[in-house]
Amino acid sequence: MPQLRTVNITRYVTPLREGGSLPAIVEADDGFLYVLKFRGAGQGVKALIAELIGGELARALGLKMPEIVFATLDDSFSKTEPDEEIQDLLQASVGLNLGVHYLSGSITYDPIVKKIEPTIASKIVLLDYILTNVDRTPRNTNMLMWHKELWLIDHGASLYFHHSWENWEEQSKRAFTAIKDHVLLQQATEISNIADEFCATLTHKRINDVVNLIPDEWLSDYSVADSPEERRQVYAQFIETRVKMIDFVINDIENARKSTI
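Under the numbering used here, the final residue of the sequence shown carries the number 261; numbering is consecutive throughout.
Treat the hints loosely; a few may be bogus.
[Unchecked claim] Within a straight-line C-alpha distance of at most 20 Å, the following computed DMTMM-like cross-link-like pairs (lysine to aspartate or glutamate) qualify: (1) K173 <-> D110; (2) K244 <-> E197; (3) K258 <-> E149; (4) K64 <-> D110; (5) K115 <-> E149.
It is worth saying that the hints were derived from the structure and are not from the lab.
Work out the full structure: start from the sequences and follow the hints.
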């Protein structure tokens with residue numbers, strides 16, 4: 001069963017002014033630098049949950065994913081921050097946040113410069129379809145090259161069903177039309193060949209092991225009456241449903257790839 005370490009933030013280094021969530025590079029009490037995703041940012045804890053689930057499922061599939069940690073932020077940081085926008089963000093994020101190990105010296109993946117091995121590209125495209133990840137496009141690849149290897153980052157825009165819980169079962173069975181914009185779609189030529197391995201990896205147990213990592217406090221901010229455990233099970237059932245419709249998923253991806261050639 002996967003386990004996540006918990007670190008304490010000791011230094012706010014610099015904001016990363018990319019997108020609307022204002023992640024930041026921070027240092028923790030283990031001496032490492034992390035890209036911190038704040039619970040007080042635009043999408044709140046839902047983005048952290050999507051980041052956690054997407055990152056750990058990617059790791060289970062053998063894809064390169066920086067270590068994810070729980071990161072505790074205390075209220076002292078906001079008191080010394082001169083920027084009012086960042087100050088508000090820090091105040092709203094006191095408590096448990098999510099950190100992703102900072103890959104120093106990495107560069108943004110450029111599909112024009114570097115082609116990805118088809119099996120890896122296929123795993124990424126298939127996973128992003130399952131997770132309904134809308135944010136892996138040529139404009140914003142959310143992948144890095146580090147030591148000549150491809151690393152995935154930022155799954156926060158995945159699992160967008162959780163922004164409207166009411167019809168999650170219906171959403172779990174829908175096609176993911178945004179796959180046509182995926183930056184690796186044309187390189188994902190091994191979808192059919194990796195499907196069995198993909199499903200054998202993302203088992204009921206594996207999926208539940210990952211969703212069980214979600215802290216209770218990240219599941220208590222919603223207006224719905226479900227308990228944290230019931231909401232974890234919604235995440236698990238959503239993902240399992242989509243894995244089980246793998247034949248439909250493969251066909252849909254292949255059609256999207258052919259239509260965009």
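Verification of the hints:
{"no.": "1", "hint": "K173 <-> D110", "verdict": "32 Å, violated"}
{"no.": "2", "hint": "K244 <-> E197", "verdict": "13 Å, holds"}
{"no.": "3", "hint": "K258 <-> E149", "verdict": "27 Å, violated"}
{"no.": "4", "hint": "K64 <-> D110", "verdict": "17 Å, holds"}
{"no.": "5", "hint": "K115 <-> E149", "verdict": "11 Å, holds"}
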